[in-house]
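S.K.: Listed below are the residues making up each chain.
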Amino acid sequence: MRAAPHLTLVAAADAGGANVRYPEAVSKETATLPRAALDHLDALYRVARNLTGRDSEAEDLVQETYTRAIAGGAQFTTGTNLRAWLFRILRNAHIDAYRRARTNPVHGGLDDELAADTTTTTSEPLRGDAELERLRGVVTTDIEAALASLSVDARAIVLLDMEGFTETELAETLGCAVGTVKSRLARARGILRERLRDYGS
Amino acid sequence: MDCTEARNHLLDSQRGALTGEIHARVDSHLAECEACRREDAVERELSAVLRDRLPRTRAPEALRRSIEKRLMGEPPRASGRFRHTRVSLFASAVFAAAAAFAILLWKPHGSDAMLAEAVNDHLRVLYSDHPVEVESGGIHQVKPWFTGRLDFAPVVAFGGDNDFPMQGGAVAYFLDRKAATFIFKRRLHVITLFVFRAEGLPWSALATHPVGGARGTLETSRGFHVLMWKKGDLGYALVSDVDPTDLQLLAAKVEGGA
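Residue numbers (the numbering used here), protein chains in the order written: chain U, 38 to 238; chain L, 34 to 291.
Hints are computed from structural coordinates only; laboratory data are not their basis. Nothing here was measured: the structure is a model prediction, and the numbers come from that model. Certain hints may be false.
Claimed, not checked - With the C-beta cut set under 8 Å, the calculated list includes, among others, these residues of chain U facing chain L:
#, residue
1, LEU70
2, ALA74
3, LEU75
4, LEU78
5, ARG86
6, TYR103
7, ILE107
8, GLU168
9, LEU172
10, VAL175
11, THR177
12, MET199
13, LYS219
14, ARG226
Heads up, the beta-carbon is just placed ideally off N, CA and C, and yes, glycines get one too.
Kindly generate the complete structure, drawing on both the sequences and the hints.
M.R.: Given below as structure tokens:
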């Protein structure tokens, strides 16, 4: 039996993480999670697969996400962004799980990683064509491995951006200021490009 | 507009999120700056890689049903291992002992993992926008393509015919190892053949279906039939939603028996 990093159920009050942005004074009628929550299942599962790297852990993480969402349904206000709220829960559940498991090789957040990363995203002109050629030869296993080498937040911002998240949704999901989203995304993609140069070679 | 500002707007520009004056200024900067044009091309390609080469996996049906029920107010399925740690530890120990014992006998869990992997890999093929890395002009075109991409030579005696036209090939992973992937069609259905090193995998001992000179297992999971067999050093998995007899027919051809 695989030693799975155990996800732990937290109190409903913590479902949205430390910086819950949603009003708590909500009537009982809105306390249940809308069925529309199911519309985001495939995207949650896809992102969970790339966060955990395993199908079985992705399933556990998604189950845990809905458990927290249902338990914390009272914190969700109709009319606010359900997708960002669900992905924020997913991200927090994943961070909780792997903080306990300590199996993930990357411990730092995006900023730690960026501080440690000495490369810049503005590649020198001469490297441009070579990089483009290499990107064209990247296969599924390369991009999966390169993503897996990023910090959780860097991976999350790249993947959520590709799921069509707006800057506001990204900020809500990742718990950062809207004004920093663009530069965080650019830096995360920059690191991903650096990693792809290694994996794609 | 300078390079720093232009690059700041590249992603928005690629997604059509820029309007009016800024859009025009980015465009005119790109027209005159070769370095930023390259950067633009690389960023576009990175988006294409993320969009097209990451599997567009859908959530497993069982997970969907379980969550659907819970949203309707039913209690969670028996995933108590997350909540009742002590019970879970004890249950895990009992389960692990039972599983270990069972594996000693006939490894049902391992072969289940192989079945699940075969279906997952097939789903990746189905949902991939570019399932085929090398287009098929027949087996003589596909097989040499694998040279240098795999640490073994896939032995496949069949290059497609009118009943089972070959679409092409790709390299994928089967559990911990690389696999040669051949994609066939049967009418409108896709059949994926995975060929990989057989060594060290938990093959089921219950192989009863004749496949050429070998014997294989035919199982069904999530609506897909999976025919798996081992020949020499190589393992084979055929996965599709076509009738199992079609899979056996194709397996016989792959084995050179038809």
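S.K.: Decide, hint by hint, whether the structure agrees.
M.R.: Hint by hint, here is what the structure shows:
| no. | hint | in the structure |
| --- | --- | --- |
| 1 | LEU70 | 6 Å, holds |
| 2 | ALA74 | 6 Å, holds |
| 3 | LEU75 | 6 Å, holds |
| 4 | LEU78 | 5 Å, holds |
| 5 | ARG86 | 6 Å, holds |
| 6 | TYR103 | 5 Å, holds |
| 7 | ILE107 | 6 Å, holds |
| 8 | GLU168 | 5 Å, holds |
| 9 | LEU172 | 4 Å, holds |
| 10 | VAL175 | 5 Å, holds |
| 11 | THR177 | 5 Å, holds |
| 12 | MET199 | 5 Å, holds |
| 13 | LYS219 | 7 Å, holds |
| 14 | ARG226 | 6 Å, holds |
Hint compliance for this structure: no hint is broken.
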